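Put chains G and S on the given structure of chain P with help from the hints.
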Amino acid sequence: MLAAPGTIFFIVFFVVPLASLFLLSLDKPSLGNASVQWMFDFRNFERFFGRAIYYEAALRSAGLAALVSLIALILGYPLAFLIAKTTNVRRNTTLMILVLSAMQLDMVIRLFGLMVLMGDVGLINGFFRWSGLIGDQPLPLMYNFAGVVVGLVQFSLPFMVLSLVGVIQGINPALEEAARSLGATRSQTFWKVTIPMSMPGILAGLLLVFAISFSSYVVPTLMGGWTVVVLPIHIFQQVVELGKWQFGAAIAVVMFAISFIVMMIYQRAAVRASGGRV
Amino acid sequence: MNDNKKLIQTNKFQLGLNRRQLLKTGAAAGAVSMFNINHAWSKDVMWDGEPFDADGATIRINEWGGFWQEFMTSNVIEDFEKTYNCKVAYDSSFPWFPKYVASGPKDPAFHMGNWNLNEIIKLGKAGDYFLSTEELKANMPNAADCWDFAFGSGLGVTWGFGQYAHVWRTDLIDPAPKGFAAFWEDRFADKRATYITSNGLFMTFFMTAAAEFGSGPDDMEAGFEAMRAAMPMKISDFTGNMQTQVERGEVQIGVQWEGEIFLQMDKGIEVAPLTWEQKPILTQTHTVSRYSDPVEKKLALALVNAKLSPEFQTKAGEAFYLRPSNSKASLPERLKNKGVTNTAGALEGLWIPDWNWYLDNEDEIVETVNEIFAG
Amino acid sequence: MAKGQVKVRRERSVPVIMRVLAIVSLVLLLAPVVVVILAGLNSGDHLTFPPDGLSLRWVVAFFRSGAFLPAYLFSLLLALCTMFFSTILGTMIALVLARNEFPGKQMARAFFMAPLMLPGIVLGLALYLFYLSSGLGLTRTMPGLVIGHVLVTCPYVIGTVNASLVGFDKSYEEAARSLGAGPLKTFRIITLPIISPGIIAGSVFSFIVSFGQFDVSLFLTPPDYNPLPIALYSSLRYTFEPTAAAAGIFAIFLVVVSMLITARLTNLRKLANVNFS
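Residue numbers (numbering that gives the first Met the number 0), protein chains in the order written: chain P, 0 to 277; chain G, 0 to 374; chain S, 0 to 276.
Errors might be hidden in some of the hints.
Label pairs and their in silico Cβ distance ranges [what the hints assert, rightly or not]:
id: 1; chain 1: P; residue 1: Phe39; chain 2: S; residue 2: Ser132; range: 34 to 40 Å
id: 2; chain 1: S; residue 1: Ser132; chain 2: G; residue 2: Lys136; range: 51 to 57 Å
id: 3; chain 1: P; residue 1: Glu55; chain 2: G; residue 2: Glu184; range: 31 to 37 Å
Straight line, CA to CA, 35 Å or less: simulated DSBU-like cross-link-like pairs of lysine-lysine [stated by the list, open to error]:
id: 4; chain 1: G; residue 1: Lys335; chain 2: G; residue 2: Lys81
id: 5; chain 1: G; residue 1: Lys266; chain 2: G; residue 2: Lys190
id: 6; chain 1: G; residue 1: Lys266; chain 2: G; residue 2: Lys278
id: 7; chain 1: G; residue 1: Lys81; chain 2: G; residue 2: Lys177
id: 8; chain 1: P; residue 1: Lys191; chain 2: S; residue 2: Lys104
id: 9; chain 1: G; residue 1: Lys335; chain 2: G; residue 2: Lys314
id: 10; chain 1: S; residue 1: Lys184; chain 2: P; residue 2: Lys191
id: 11; chain 1: P; residue 1: Lys27; chain 2: G; residue 2: Lys105
id: 12; chain 1: G; residue 1: Lys337; chain 2: G; residue 2: Lys314
id: 13; chain 1: G; residue 1: Lys105; chain 2: G; residue 2: Lys190
id: 14; chain 1: S; residue 1: Lys169; chain 2: P; residue 2: Lys191
id: 15; chain 1: P; residue 1: Lys27; chain 2: G; residue 2: Lys124
id: 16; chain 1: S; residue 1: Lys104; chain 2: S; residue 2: Lys169
id: 17; chain 1: G; residue 1: Lys136; chain 2: G; residue 2: Lys314
id: 18; chain 1: G; residue 1: Lys266; chain 2: G; residue 2: Lys327
What the hints contain is simulated information worked out from the structure, not anything from laboratory work.
Every value quoted in this text rests on a predicted model; they were computed, and no experiment measured them.
Glycine included, every Cβ here is placed at the ideal spot set by N, Cα and C.
So that you can see chain P by itself, here it is in the shape it has in the complex:
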């Protein structure tokens, strides 16, 4: 069968390693031991849900990802709309290239660029200070939750845009024209025709951005100033710093469970949005 190579690949290199990791989460924590002991002990999960710092991190991770997805949608849809509706080929090619180039900038270097823009003595604060909008105290735009949100939105916006452009373009213009000719205003047409027709793209974009933001390690680490501790950071700390593979694996299981739930929500929504035909 055609799908055989891909499926085998996934099973061998995805399912098996992950299964071992998840089994590891059921072992008692022991420093420096990374092999599965088949203990089926739940104390790692008890610890996770027992200490506030961990389950709060779970809520923070999910909340952050949801927020970023929403913002990316609000910012990304117009840009995608613009690219989709611009008929001038050179212009829309340029826009596409700009979006793709932004995707390509390495995260650590991007941090420098963002620091220049958003830091306490950065360009944005400098502008506000110069225009008299704020006094001496700089606006804390980096090394906090806001900084992480901006960093994640900046990072995932291209993914959202690229999920939307094709779909918006594919909307049959006759439908929109029909609505207009029936007396609908531009705004009504947009909300009653265009948006529903863009749903597959919207949902795909939301899911993709959620996944990216939820699992990101680099952005919260570099932009959060250690005040935004999300689950990937905990995993890294537990496994790399503290050598507690078992607990780190438990956190990974929790992450997987949350993603799974989100995935299910997406699937339901996608089925409803496409009117039952998938």
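Below, chains G and S without anything else, positioned relative to chain P:
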């Protein structure tokens, strides 16, 4: 070979380690050798100090990347590969601790490593990974000329070090800050910076704060209080980030080590190091894996020995502002003009933080401090 | 448009509020890029902004650098390999998923999307442990690293190819088969033209994602050969150098050039089509 090994007297170079700390490190070394199962190649004297032909063998090392890697490659590794007819596989993607742990001690992920003591001691606790300092001393001619503190950890040999200091912007701060506690002054609120808990400089910072404000470097509660009192404070991931923040003025006083500060000074940035009577040091330490195959083990010993040579140490001092651990190494001009000397007297007052204590308590420290940092 | 036909102006005017938000997005996307480009062209000694002056010295330093240039080339090679395998595997999977109905199809789709849901470091760690215990000899090798990259880029390929297959009518294929065309010919003449935008889009995605991938590479990197993000991170831990900015510039340059080439082959807008359901 030169039999005239000069013995350096232990007593003179205490470095301010009190008896308790010294004893603890000794105990750690003892505990490590308890793991020492009677393995075939764990007991041999492994290298005679002479170059040999390794017949194209490959040794794996873990060491810092970027410019550091370029320096090491052109100053040590290229010649080494030619002299010994071998290949050096250089892994620069930190972190290495999980890689060692995943393979286990008997099948070492790397044959030789250059990293920091906190990571080394952590790995030492997780298993019998390294040759002890006794074995290292017995197999490396250059080790004889090194200051004694270089072997204090029991697990590896320190070849370079630098003093922990606070970096401060001389053009932005007036009057000049004095003493360790200046970091906590109100005028620096949100303009001071330290590191995340996984960074060795943070650990040093924490222990020094505990000693300054409490009963000693192991007074955890005092350390936590100091962290709380220091908020609001910026937290950096690595020293490169700290450098940039200081250069841009976002941070006016920060936790650093003197090498970075000297580097910035020589670049023309208006900074200076702030030091005080207590002098904790940060080290670059080499380890050799115990259960490597004989040829790779000999190569590892030879490579570490090359790093202990006085000529190399001078060059490293030139490039990275690192103080040498070899008593015979001469200091480059750029260190001398900052007042650094390489004498027994210069070592007075220097101390290595008690990594063993920190690692024993790391879980609690990390969780509590993260809660404090998160606000 | 055929000659003589009247050109009807169909330019849809984009409402002002949309334009404004679109520009905000573009600024957000591009501002850090501009900063980095200017910093990399700085004639001064260290990474500052605004730049002291403009010069190519750091770009030259990048070409001469022992750490960054090899890393750049390695990333290039790695991304090309990833792109190749990911596209093939992903296309095959997407074809099967789109064409057939079977119970548990939703689960299957979710399954192939799953690598995106987990942090890259978890995947990297799990694979690292797996390589060690399986004795396949993949630990710290390039194939081992490619496997990790393919895992995280395949979902994108599946998404884009799937999107191009939405509404795909199997009867076209059946018609071709009933007219005597073999499966390969059917694929080439009927299916391939329909999915080719999706395939190209997926390839582009997988290239870009692989080139910039940090998390998965962290534990799977072979010694001596680092992908660019890892090399940059290792070096920037200690000093922020302008050479790093130059490396970043080159990565962007690479994308711009390859996109311009791709634009000759197909309308770039067609690349932007993703569907995971």
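Outcome of the hint check:
{"no.": "1", "hint": "Phe39(P) to Ser132(S): 34 to 40 Å", "result": "19 Å, violated"}
{"no.": "2", "hint": "Ser132(S) to Lys136(G): 51 to 57 Å", "result": "36 Å, violated"}
{"no.": "3", "hint": "Glu55(P) to Glu184(G): 31 to 37 Å", "result": "32 Å, holds"}
{"no.": "4", "hint": "Lys335(G) to Lys81(G)", "result": "33 Å, holds"}
{"no.": "5", "hint": "Lys266(G) to Lys190(G)", "result": "22 Å, holds"}
{"no.": "6", "hint": "Lys266(G) to Lys278(G)", "result": "25 Å, holds"}
{"no.": "7", "hint": "Lys81(G) to Lys177(G)", "result": "51 Å, violated"}
{"no.": "8", "hint": "Lys191(P) to Lys104(S)", "result": "30 Å, holds"}
{"no.": "9", "hint": "Lys335(G) to Lys314(G)", "result": "13 Å, holds"}
{"no.": "10", "hint": "Lys184(S) to Lys191(P)", "result": "43 Å, violated"}
{"no.": "11", "hint": "Lys27(P) to Lys105(G)", "result": "23 Å, holds"}
{"no.": "12", "hint": "Lys337(G) to Lys314(G)", "result": "17 Å, holds"}
{"no.": "13", "hint": "Lys105(G) to Lys190(G)", "result": "47 Å, violated"}
{"no.": "14", "hint": "Lys169(S) to Lys191(P)", "result": "31 Å, holds"}
{"no.": "15", "hint": "Lys27(P) to Lys124(G)", "result": "18 Å, holds"}
{"no.": "16", "hint": "Lys104(S) to Lys169(S)", "result": "18 Å, holds"}
{"no.": "17", "hint": "Lys136(G) to Lys314(G)", "result": "23 Å, holds"}
{"no.": "18", "hint": "Lys266(G) to Lys327(G)", "result": "29 Å, holds"}
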